[in-house]
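Chain A is already provided as a structure; the job is to place chain B on it using the hints.
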Amino acid sequence: MSESHRVVVIGAGFGGIGASIKLAEQGIEHVILEKADDVGGTWWANKYPGCRCDVPSHLYSFSFAPNPDWSDSYSLQPEIWRYLRRVAEEHTVIERVRFGCKVEAARWDDDDKQWVLETSSGTIRCDVLIAAHGFLSEPRIPHFEGIETFTGQVMHSAEWDPSYDVTGKRVAVIGTGASAVQIVPEVHRDAEHLFVFQRTAAWILPHRGRAIPEKEKALYRRIPALQRAVRAYHYWSAEFVVLPALAKNPARTKLIRNMAMKHLEEQVPDPELRAKLTPDFVPGCKRLTPSNDYLPAVASPSTTLVTDGIERIEPTGIRTTDGTLHEVDVIILATGFRVTDNTFSALVTGRDGRTLQEMWEESGMSAYNGTTVAGFPNLYLLVGPNTGIGHTSVIYMIEAQLTYVMDALRLMKERGVRTFDVRADVQTAFNEEVQRKLQPSVWNTGGCVSWYLDKNGRNPTIWPDYTFRFARRLRSFDLDSYYQELVSADERAMVGAR
Amino acid sequence: MGFLARPTWGFVMSWPDPHHLRWTPTLRVPSDDGTEIAVEILGDNHPGPTLVFIHGWTFSSRSWHYQRMLAERHRLVLMDHRDHGESGTGPREHRTIEQVGRDLYAVLEATCKDRDVVLVGHSMGGMTIMALAAEHADLFGAESPDAQSARVKAVALLDTSAKRPDDHTFGLRGPFAGLFLKQWTSSLALMVADPEKAERARRSGSAISVRISGFLNLHRTSDRRLAQFTEAMSAATKAQVVGDFWADLDAHDKLKALEALADVPVLVVVGVADRLTPVTDARIIAAGVPGSRLLELERAGHCAMLERPEAVNAALLDLVANVDHQPAKPRRRSRAAR
Chain A
1 MSESHRVVVI GAGFGGIGAS IKLAEQGIEH VILEKADDVG GTWWANKYPG
51 CRCDVPSHLY SFSFAPNPDW SDSYSLQPEI WRYLRRVAEE HTVIERVRFG
101 CKVEAARWDD DDKQWVLETS SGTIRCDVLI AAHGFLSEPR IPHFEGIETF
151 TGQVMHSAEW DPSYDVTGKR VAVIGTGASA VQIVPEVHRD AEHLFVFQRT
201 AAWILPHRGR AIPEKEKALY RRIPALQRAV RAYHYWSAEF VVLPALAKNP
251 ARTKLIRNMA MKHLEEQVPD PELRAKLTPD FVPGCKRLTP SNDYLPAVAS
301 PSTTLVTDGI ERIEPTGIRT TDGTLHEVDV IILATGFRVT DNTFSALVTG
351 RDGRTLQEMW EESGMSAYNG TTVAGFPNLY LLVGPNTGIG HTSVIYMIEA
401 QLTYVMDALR LMKERGVRTF DVRADVQTAF NEEVQRKLQP SVWNTGGCVS
451 WYLDKNGRNP TIWPDYTFRF ARRLRSFDLD SYYQELVSAD ERAMVGAR
Chain B
1 MGFLARPTWG FVMSWPDPHH LRWTPTLRVP SDDGTEIAVE ILGDNHPGPT
51 LVFIHGWTFS SRSWHYQRML AERHRLVLMD HRDHGESGTG PREHRTIEQV
101 GRDLYAVLEA TCKDRDVVLV GHSMGGMTIM ALAAEHADLF GAESPDAQSA
151 RVKAVALLDT SAKRPDDHTF GLRGPFAGLF LKQWTSSLAL MVADPEKAER
201 ARRSGSAISV RISGFLNLHR TSDRRLAQFT EAMSAATKAQ VVGDFWADLD
251 AHDKLKALEA LADVPVLVVV GVADRLTPVT DARIIAAGVP GSRLLELERA
301 GHCAMLERPE AVNAALLDLV ANVDHQPAKP RRRSRAAR
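Sequences listed follow chains A and B, in order. Everything in the first sequence is counted per my numbering, starting at 1 for the first residue and increasing by one. Everything in the second sequence is counted per my numbering, starting at 1 for the first residue and increasing by one.
Chain A with its partners taken away, still in its complex shape (with noise of 0.2 Å):
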């Protein structure tokens, strides 16, 4: 007989910890399965110079674990780990988790009414099975020709070797996108030279960031209440001056674009430096990144930005299209993650014996209510399908989602049932709402190609509307959109012999 659990949580990020916490308070037993040897997820993963978090600090942290320590406004990423591994320490999360531990596999066995999972170590069944792998898990690591014969040292930002100096050396960062904005400037700090290949210009607002004062800090400690104050303040904001600009109006975006411009303007004197760094994309888009020493890097001496696109890579550095060879010692792949093309979904097989990633090449990524997908029953996904947001925390949607399923474990304790499939139609119709949400937002008419969208144009990643109204829907398990199965009368009367 293989190992049995409750629940199984793949992943020990922020989603696996916080699942983590809600089990053990409601006293279900479970497991975290974690492929790296350290919680933290995303936040483990990526350890490039400069990375951090582009959401306020305050925001993005779990809202039952505030952290009045936070030394800067915009935590950085060492910080945000400490406080995540802090967290799940406190919370006697670590004991639960199975480092190293990586799932190969999950089928759905329709006998036994449970998940039956390969892993690394050995095979591992459940009744439930959260899935909190990640949005940004998976390197995106786009194909060059030659790259295999380049003889300098290759890395993706999402596995940095720390150990390497880049001091003196050539540097080549490929992308523009958030983590690249990150790294450009600390690259650039110690580099001999540092090209910068751009596809696509990025809209840079100007960084907000500052470090919190010891004074603030002993305030926070001393009064709880002003930290969620201020906590709300950038929750609201973001709710009423950002999303509506970006899901409702895109012209309301010339606010940001005004300021993106002064921003440029300032930074970058060069008149034709600054066209080849203006964006022709509505800003928002592609996810805003902001930065104060961006420009400033890509604009010094040192730097040549390099719009021609690469033809390919040899064992010296990269041509060009144009013809050019960029000698380079190292190439920093800032290209980001599969979002829309997330290979996890392969590894999940349903009722009907298709994997999720089957089902999603027929009809685009997409679940009811970002969590639950029909013919996959006792499955929950943490940031699943449209609970992506451009304009606050991410572990808002988290939060809500745990709330939800919190309350279908407890329905099927208190009711006896034993597994919960979404209806099909219900979760058709709820996508189509969310779809034609979209259709006037910035993401989808902003005319640019974005990680948010799949290769036929469908955004499969974007909550489109307030927040708070994703988590009212998600407030209370609503039976009527689901199928039961119920626990056998004889099996009842046995528990209840026991």
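One or more hints might be untrue.
What the hints assert, rightly or not - A few chain A residues that don't get close to chain B, going by computed Cβ distances all over 10 Å:
no.	residue
1	Asp-38
2	Ile-94
3	Asp-161
4	Leu-255
5	Gly-416
6	Arg-423
7	Arg-458
8	Asp-478
9	Ala-489
Stated by the list, open to error - To list a few chain B residues with every Cβ distance to chain A over 12 Å, as calculated:
no.	residue
10	Met-13
11	Ser-14
12	Val-29
13	Ile-41
14	Gly-48
15	Arg-73
16	His-94
17	Ala-110
18	Thr-185
19	Leu-190
20	Arg-202
21	Arg-211
22	Gln-240
23	Leu-267
24	Arg-283
25	Ile-284
Claimed, not checked - Among the chain B residues that face chain A by a calculated CB cut under 7 Å, a handful are:
no.	residue
26	Leu-42
27	Ile-212
28	Gly-288
29	Pro-290
30	Arg-293
The set of hints was computed from the structure by calculation and includes no laboratory data. Glycine included, every Cβ here is placed at the ideal spot set by N, Cα and C.
Leaving out everything else, chain B in the frame of chain A:
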């Protein structure tokens, strides 16, 4: 078939008309005692499984108003119970669940020979399916002894019960429950004892009668036009028939027959505000039939197929799709036996 692809109905659903309950049967099937059962066949040209609809106590096949549109994709057979709707009148002593189960068998023999069948029963119609299962368990499941019979491949039980609970109070509490029960029992007794007098006392079509029908059959938020419709169907059923069948319904116990259903996919649907066959009844069925799927619908009382047609129809299509995908489910029995 695309799992997520669902048809969207190309027309707006219309309200059922309480003034047009009469209809012309496609054929009349004589049951084993000679009573003629009125049958309507829709979408006769569709291959694939036939959906057979069996209505509830005091209603008629017209109660499947919103399910008729499924004929766009499937062959449908709708029947009126004996002494209901367009069916003939049978002997009084034959007003039993067992007999309507035999009527259903006769209809299946006449309309669905050598075909795959999905049985859809509401209330007493669900009990009719259980009665059929008790007598003809061999029809349920993949292998039928002679290939000539109908093969029941799936069953949908809407707002029904396998056994009436002893403490049934129509969802009422307190002194009100006692009062209502007393009135209810005496009215039904009168229908059996003195049908003429009961008929006169019924005041069919009156506002109070509509109110009572809505109270018993529907969720409080359901449209009054539905209450007018359910009232009209009940009013068209003779008082004595109502009383006779109630006596048998009240004694109905088919928990055993549920075993035969374990061989086929079973869908159980119930409205959360069902007063006649409350959610607990549905949960007993769902817990008693291994592998069955239960749907508890909000904003619905005893008539989910009228109050939540979009959900019921989608669930029926899911059930039929299941039949298309999985020809046999023999393992279910082994589970039940385990």
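Hint check results:
The beta carbon of A/Asp-38 is kept farther than 10 Å from every beta carbon of chain B, the shortest such distance being approximately 38 Å. Residue placement check: A/Ile-94 keeps its beta carbon more than 10 Å from all beta carbons of chain B (closest about 39 Å). Its beta-carbon lying about 42 Å from the closest one in chain B, A/Asp-161 satisfies the requirement of being farther than 10 Å from that chain. Every CB of chain B is more than 10 Å from the CB of A/Leu-255 (nearest about 39 Å), matching its label as outside the interface.
With a cut of 10 Å on Cβ distances, A/Gly-416 falls inside the contact zone with chain B, its closest approach being about 7 Å. The claim that A/Arg-423 is not at the interface with chain B is violated, since a C-beta of that chain comes within 10 Å of its own (minimum 7 Å). Remark: the non-interface label on A/Arg-458 is consistent with the geometry, its nearest Cβ contact in chain B lying 13 Å away (cut-off 10 Å). A beta-carbon of chain B is positioned within 10 Å of the beta-carbon of A/Asp-478; the least distance is around 8 Å.
For A/Ala-489, the requirement that its beta carbon stay farther than 10 Å from each beta carbon of chain B is not met, with the minimum near 5 Å. No beta-carbon of chain A is positioned within 12 Å of the beta-carbon of B/Met-13; the least distance is around 15 Å. Every beta carbon of chain A lies more than 12 Å from that of B/Ser-14, the smallest distance being close to 21 Å; the non-interface claim holds. The claim that B/Val-29 lies off the interface holds: its Cβ sits roughly 34 Å from the closest Cβ of chain A, which is beyond the 12 Å cut-off.
Listed as outside the interface, B/Ile-41 is consistent with that label: its C-beta sits roughly 27 Å from the nearest C-beta of chain A, beyond the 12 Å cut-off. B/Gly-48, annotated as away from the interface, keeps every beta carbon of chain A farther than 12 Å; the closest lies near 18 Å. For B/Arg-73, the non-interface assignment is confirmed: its Cβ lies about 14 Å from the closest Cβ of chain A, beyond the 12 Å cut-off. The claim that B/His-94 is not at the interface with chain A holds, since no C-beta of that chain comes within 12 Å of its own (minimum 33 Å).
At roughly 33 Å from the closest C-beta of chain A, the C-beta of B/Ala-110 stays outside 12 Å, upholding its exclusion from the interface. At roughly 30 Å, the least C-beta separation between B/Thr-185 and chain A is larger than 12 Å, which holds for a residue marked as non-interface. For B/Leu-190, the non-interface assignment is confirmed: its Cβ lies about 37 Å from the closest Cβ of chain A, beyond the 12 Å cut-off. Even its closest Cβ contact with chain A, about 35 Å, leaves B/Arg-202 beyond 12 Å, as expected for a residue assigned away from the interface.
Distance to chain A confirms B/Arg-211 as a non-interface residue, since its nearest Cβ pair spans about 26 Å, more than 12 Å. Every beta carbon of chain A lies more than 12 Å from that of B/Gln-240, the smallest distance being close to 37 Å; the non-interface claim holds. Non-interface call for B/Leu-267 relative to chain A: violated, since the shortest CB-CB distance, roughly 8 Å, does not exceed 12 Å. For B/Arg-283, the condition that its CB be more than 12 Å from all CB atoms of chain A is violated, with the nearest at approximately 6 Å.
The beta carbon of B/Ile-284 sits about 7 Å from the closest Cβ of chain A, which is not more than 12 Å, so the claim that it is off the interface is violated. Using the Cβ-Cβ criterion of 7 Å, the hint placing B/Leu-42 at the interface with chain A is not satisfied: the shortest such distance is roughly 22 Å. This hint is violated: B/Ile-212 has a C-beta 27 Å from the nearest C-beta of chain A, more than the 7 Å allowed. Interface hint status for B/Gly-288: upheld, as the beta-carbon distance to the closest one in chain A is roughly 6 Å, under 7 Å.
Hint status for B/Pro-290 relative to chain A: holds, with the closest Cβ pair at about 6 Å, below 7 Å. Look at B/Arg-293: its Cβ gets to within about 4 Å of chain A, closer than 7 Å, so that hint holds up.
Of the numbered hints given earlier, the model fails hints 5, 6, 8, 9, 23, 24, 25, 26, 27; all others are met.
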